[in-house]
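Colleague: Residue-level listing of the chains:
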Amino acid sequence: AQSVTQPDIHITVSEGASLELRCNYSYGATPYLFWYVQSPGQGLQLLLKYFSGDTLVQGIKGFEAEFKRSQSSFNLRKPSVHWSDAAEYFCAAGKAAGNKLTFGGGTRVLVKP
Amino acid sequence: EPEVTQTPSHQVTQMGQEVILRCVPISNHLYFYWYRQILGQKVEFLVSFYNNEISEKSEIFDDQFSVERPDGSNFTLKIRSTKLEDSAMYFCASSEAANQETQYFGPGTRLLVL
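Top to bottom, those sequences are chains A and B.
Each residue of the first sequence is one higher than the one before, starting from 1 at the first, in my numbering.
Each residue of the second sequence is one higher than the one before, starting from 1 at the first, in my numbering.
You can trust all of the hints, since none of them are fake.
Here are the computed lysine-lysine pairs in the PhoX-like style, where the Cα-Cα straight-line distance is at most 20 Å:
1) B:LYS42 with A:LYS95
2) A:LYS112 with A:LYS61
3) B:LYS78 with B:LYS57
4) A:LYS68 with A:LYS95
5) A:LYS95 with B:LYS57
6) A:LYS49 with A:LYS95
Just a sample of chain B residues kept apart from chain A, beta carbon distances all over 10 Å, derived:
7) GLN11
8) MET15
9) GLY16
10) ASN52
11) ASP71
12) LEU84
Everything labelled a hint here was simulated from the structure, so no lab data went into it.
Every residue, glycine too, gets a C-beta built ideally from N, C-alpha and C.
Construct the complete structure from the given sequences, taking the supplied hints into account.
Modeller: What follows is the structure, encoded as structure tokens:
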């Protein structure tokens, strides 16, 4: 069965420090991969996506993610976290265009001053 | 920037009542989706819709659920007889034909069934 796993439920990081959120997927073939962010009371905002090609993808708000086929991972990173990055982050995967997305459980990020 | 909108933002209903959740997808998008997130759980796919018919649905999407595109702009999710376990945040999403892979989500409707 297709699945997406985010091993870290909560992460606390100091403002200005780097952030890495882990995501692993289990699919029959390389899926389309996405990271979404959900701020309190808000919907899901797309940060970035990977379909093919360059395995390092850049997104909005200074985020990037790296696809590693050998590890079935698509980890999200940000070099320097801002207080406004406090939110819940979801990794998602889809097997084909127009098909459903399978979401990970989310990682809640808390930013300390 | 165009965005998906949903109404209402919150809805409280009694068990057994019918509810209709409304969504206005991005105007040039042709693929529409509903997802839900029960508090503390993962976001789960419910149904996808294209060309006025359901293209895929999950096992959650039983006979109590239906979707409709009543006009050129709205996309609705109806729950005929709500249960306590239907309490969740419901997200609508849409994607355009040329870039179907990317789904854009609305802010959600929080449904509470009492």
